[in-house]
Every structure is written in structure tokens, then in C-alpha cells.
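Visitor: If you read the sequences in order, they're chains A and B.
If you read the first sequence in our numbering, its first letter stands for residue 14, the second for the next number, and so on.
If you read the second sequence in our numbering, its first letter stands for residue 14, the second for the next number, and so on.
Wrong hints could be hidden among the right ones.
Treat identical chains as interchangeable: a pair holds within one or across any two.
Unchecked claim - SDA-like mimics (lysine to any residue), calculated; alpha carbons at most 25 Å apart, straight line: (1) LYS169 with ARG197; (2) LYS155 with GLY189; (3) LYS169 with LEU159; (4) LYS87 with ARG252; (5) LYS155 with ALA234; (6) LYS87 with GLY251; (7) LYS87 with ARG136; (8) LYS169 with PRO200; (9) LYS155 with ASP165; (10) LYS87 with THR253; (11) LYS155 with ALA221; (12) LYS87 with GLU115; (13) LYS169 with GLY196; (14) LYS169 with ALA44; (15) LYS169 with PRO242; (16) LYS155 with THR202; (17) LYS87 with ARG194; (18) LYS155 with GLU38; (19) LYS87 with ALA224; (20) LYS169 with PRO114; (21) LYS155 with GLU216; (22) LYS87 with LEU159; (23) LYS87 with ALA37; (24) LYS169 with ASP193; (25) LYS227 with ASP41; (26) LYS227 with ARG69; (27) LYS227 with ALA73; (28) LYS155 with VAL246; (29) LYS227 with GLY86; (30) LYS227 with THR202.
Don't read these hints as lab results, they were simulated from the structure.
Nothing here was measured: the structure is a model prediction, and the numbers come from that model.
Number of protein chains: 2
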Amino acid sequence: MSGRLAVIGLGPGDARWLTAEAQAELADADALYGYGPYLDRVPARSGQARHASDNREEGARAVAALRHAAEGGKIALVSGGDPGVFAMAAAVCGEIEAGPPEWRALDIAIIPGVTAMLAVAARAGAPLGHDFCALSLSDNLKPWSLIERRLDAAAKAGFVIALYNPVSLARRWQLGAAFDRLGRHLPATTPVIFGRAVGRPDEHIEVAALASAKMVTADMATLVIVGSPQTRVLARDGRTALVYTPRGMAGIDA
Amino acid sequence: MSGRLAVIGLGPGDARWLTAEAQAELADADALYGYGPYLDRVPARSGQARHASDNREEGARAVAALRHAAEGGKIALVSGGDPGVFAMAAAVCGEIEAGPPEWRALDIAIIPGVTAMLAVAARAGAPLGHDFCALSLSDNLKPWSLIERRLDAAAKAGFVIALYNPVSLARRWQLGAAFDRLGRHLPATTPVIFGRAVGRPDEHIEVAALASAKMVTADMATLVIVGSPQTRVLARDGRTALVYTPRGMAGIDA
């Protein structure tokens, strides 16, 4: 069995956050699989087949890429951001476990990338400078009560919280409910960062206080970061404010 | 004031995880600042000054870079991994807040990178495929009791946990104590991933069960990921196991 499947993180936005490794893997692949808009970000190369699929078809896309790899050849499955964070890498592992034994013999490579919260954080300053967590607000799989429990735990313990999948066409009330829930534990002034379409021409970064965060529009392309009580907003004349969470004094691990 | 300071994430390991943006910023800088081993990873360019400093001098390094930027010119401050995750970006923001007003007028750019937990996760499979948190085990600043409270909260709420700064020359017992603490909440079989020197020639990835994790050697170059009760280890004949945390069924946000 000589097949190889590389699950490749493109980073968010355009090619600025593509790594050298991801670029080399993309150039080397016989065929590409992925959600259409992600595939569109990869320059065309003659002789390289492209299989675009819909956003909802995560499992089917993983199966198709694994089947193709099992026939031999070098297959690339592209993912936005980092493939390991709420994205394709776990889906591929799950399909390997559920699939035919020969899929376990495939050469599987996960190629990391810049995940959305890192790019949004960079645009805002350094809100993830201290302990933080990443939580998907999608209750398509997990019950909303579990999401509430995780929001409570994270806020009470002082983690900064990055919210992935805050909103979708079918999930419109969850983000507001999450802000309400966090408001039980966090000061009304806690900074909340909305990073929309980061790294794309229509990028928009907005910072609001938790108490008024429900007034800010978020959509499927938005990543939300809710600060901790330690997170600071540093105003700057003529420049956007810097939002950061102090790491503290320089120590031996600086 | 025309000075610019770019705080640049090199990613962990060698140049494979350097982004196109980071590469361009490095090439464009008049002077580079950073911890010596990180600076050594940047190809030399004639006319570009280099100011290496010790690991412990985080605050002083930020101040030196800000001072230089305030004199005009394009300064790059390099950081391993992502500068926003337990690294230089928050230190720079803190020094700007504490420093002279003119520093607030500087053009500050944070250039994101692949942070260590993403690279280690990619090597192991997809352990960060569902809700997770990142926690520094350094008690140089925060009290150990707070770290325990965060470990408790994260484990009880079902987050996968990435541990940064697990060990240093001066902090030898903390990682074992953290495993003991997590063992109160998590099954003894919970997979623990040790990623040492990821992306370097001496890279070493090891997976152990939580109950025996204290037997594994970790050092300052190690990043540890502790699974959740949902994290799975998928054995493969002739290949390393894949460790992953299922994201679940394909949904509208896949």
C-alpha cells in the first residue's frame, strides 16, 4: 500500500499564512479534495485533479479522499485554518477507524496551519497571551447544556475563551445565549473581540464590552474571543486599541 | 513617528512551518531582536542588525525593540511558535502600556504562527479535534493553587488540555503534580501525548496512559497534550497510532 493522504491546513484568509510545508504538499499532490472555497485558494496545476464538495459533507469528503489514497497516489485534503482544530483531521481519523482495515496502512500526514483564533488574536493584540480555551458553539452534536457547562467552567476558572462556529444559518441564538451565560461570571466590561473574514479583503475586527456584545453582528465567518478579567484594552491615539492578556513578569520560561 | 515593530511567530522547529507573511516581514526588517536560538533560525541578511538576548529577558527584550522602533526603522522581534501564545506579543503590549506615550503611536504588527500544540497535535493525529484549552504550568507568576483550579475545571468540563512550559530547570515537580491532579477527574487510560522538539531533527513523540505518564521524561522543549475521556487511540500495524478526539457527526458547520 503506497497511498498517502495529507490533511493540509491553509490558514485563514489568503496565502499570507500558508506555511512552506503546506505549499510543498499542495504542489506534490496528484489530487486535491476539499470544500470548494478552500480549494479555490490553491493555485491550479495542470494534471492535478480537484474534487470540491459542500461544507456539510465532512464525512463523505474524508471517505472519498481515503478511498482515492487507498488506490495509491498522493492525495491532499485541504482545510481552512488548522486541520486539527474543529476541522478535517479528526474526521479523517474517525473514518479510518470506521473504515476497512487497509486504510490503517495508509501514510497519513496532518499538516498544521495557523488556526483562526491565532490570526484574530494577532490582529487585536495578544488576547490569548495567557491561559485560554477554544470551544465550538455548535450544538449540532453536543447538547447545549454541555456547552453551557464548559462556558461556566472556563469563565469561572479565568480562561480567555475563543468561540468557534459562533453562528450559522441554522443557529442564530447560541452566541447571544453564550454572552448571557458568560455575563454571570465575568465583568460587564470584559473585552470581546469579533474577527470576521480575517486575512481576506473584507476583514473586519471589532471590540465590544461583554455587556453590549449582543449588539455586534457575527456570522459564519466570524471568530469570537472573550477576554478574562485580566484582559486589558490599551487605547492608542490614531491607532486601533491593543487588546491583551498579560502573561505577567518575565520568568525563567519567558 | 514612522517606526514599526513586527512581533513575528517562526512556528516551532525549522522553517517548514514559517508562513509567507513571516518570511516577508523578516526579509524587510532593518534589525532583528530575539532569544538567541530563535534568531539563529533566521537566514542572515547583510545590513540587518541582530540583537540576541537570553531566554529570561522577555521584558528587557521587548523594551529594547520598542526603543529601537521609536527611533524609526523597521524592527522585527522574533518568537518561537505563535507570538500570541505564552510568548512575546503580550510582553510587548505590556511594555507599551507601561512605557512612554510615544510608543503608543508606533506601528505594531503581530504576525501569527503555528503554535507548538498545533504541531504536536498534527504529529499525533487530531487530539485537539474538539473543545480544548491551553494552560501554562509555570508557577513563576501565578500561584500553583490557581493552576490546580484550572486543571480541575478543564478536566471536569471535558476539555482536552495542552500544557505549555511543563518543566524547566527550576520547576521539576509541577508536571507530575498536574498528572496526579488530572487523575482525580480523568480515566487512568486517558491518552497523554509528549511532543519533544517538534519539527527539529531530534523530534520525539510519545503517547502514554495518564496513569503512567509520570514515567515519561519531559523537558523544556516538550509540549504535553492530555486527552479528554472522548479521546481515542487508533492502533495501526506498522505505523504509529493516531490519537484523536472526535468532532462528531458532520453538521452544517463541518
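Visitor: Determine for every hint whether it applies to the structure shown.
Guide: Evaluation of the provided hints:
{"no.": "1", "hint": "LYS169 with ARG197", "verdict": "both (9 Å within a copy, 19 Å between copies)"}
{"no.": "2", "hint": "LYS155 with GLY189", "verdict": "within (18 Å within a copy, 32 Å between copies)"}
{"no.": "3", "hint": "LYS169 with LEU159", "verdict": "both (15 Å within a copy, 11 Å between copies)"}
{"no.": "4", "hint": "LYS87 with ARG252", "verdict": "between (47 Å within a copy, 18 Å between copies)"}
{"no.": "5", "hint": "LYS155 with ALA234", "verdict": "within (21 Å within a copy, 35 Å between copies)"}
{"no.": "6", "hint": "LYS87 with GLY251", "verdict": "between (50 Å within a copy, 19 Å between copies)"}
{"no.": "7", "hint": "LYS87 with ARG136", "verdict": "between (35 Å within a copy, 18 Å between copies)"}
{"no.": "8", "hint": "LYS169 with PRO200", "verdict": "both (11 Å within a copy, 24 Å between copies)"}
{"no.": "9", "hint": "LYS155 with ASP165", "verdict": "both (16 Å within a copy, 21 Å between copies)"}
{"no.": "10", "hint": "LYS87 with THR253", "verdict": "between (45 Å within a copy, 19 Å between copies)"}
{"no.": "11", "hint": "LYS155 with ALA221", "verdict": "neither (28 Å within a copy, 27 Å between copies)"}
{"no.": "12", "hint": "LYS87 with GLU115", "verdict": "within (16 Å within a copy, 53 Å between copies)"}
{"no.": "13", "hint": "LYS169 with GLY196", "verdict": "both (11 Å within a copy, 21 Å between copies)"}
{"no.": "14", "hint": "LYS169 with ALA44", "verdict": "neither (47 Å within a copy, 42 Å between copies)"}
{"no.": "15", "hint": "LYS169 with PRO242", "verdict": "both (10 Å within a copy, 22 Å between copies)"}
{"no.": "16", "hint": "LYS155 with THR202", "verdict": "between (30 Å within a copy, 23 Å between copies)"}
{"no.": "17", "hint": "LYS87 with ARG194", "verdict": "neither (46 Å within a copy, 44 Å between copies)"}
{"no.": "18", "hint": "LYS155 with GLU38", "verdict": "neither (34 Å within a copy, 41 Å between copies)"}
{"no.": "19", "hint": "LYS87 with ALA224", "verdict": "neither (50 Å within a copy, 39 Å between copies)"}
{"no.": "20", "hint": "LYS169 with PRO114", "verdict": "neither (44 Å within a copy, 34 Å between copies)"}
{"no.": "21", "hint": "LYS155 with GLU216", "verdict": "neither (30 Å within a copy, 35 Å between copies)"}
{"no.": "22", "hint": "LYS87 with LEU159", "verdict": "neither (39 Å within a copy, 47 Å between copies)"}
{"no.": "23", "hint": "LYS87 with ALA37", "verdict": "within (12 Å within a copy, 30 Å between copies)"}
{"no.": "24", "hint": "LYS169 with ASP193", "verdict": "both (14 Å within a copy, 22 Å between copies)"}
{"no.": "25", "hint": "LYS227 with ASP41", "verdict": "neither (45 Å within a copy, 41 Å between copies)"}
{"no.": "26", "hint": "LYS227 with ARG69", "verdict": "neither (27 Å within a copy, 41 Å between copies)"}
{"no.": "27", "hint": "LYS227 with ALA73", "verdict": "neither (35 Å within a copy, 40 Å between copies)"}
{"no.": "28", "hint": "LYS155 with VAL246", "verdict": "between (33 Å within a copy, 21 Å between copies)"}
{"no.": "29", "hint": "LYS227 with GLY86", "verdict": "neither (49 Å within a copy, 41 Å between copies)"}
{"no.": "30", "hint": "LYS227 with THR202", "verdict": "within (13 Å within a copy, 41 Å between copies)"}
Of the hints listed earlier, those the structure fails to meet are numbers 11, 14, 17, 18, 19, 20, 21, 22, 25, 26, 27 and 29, in rising order.
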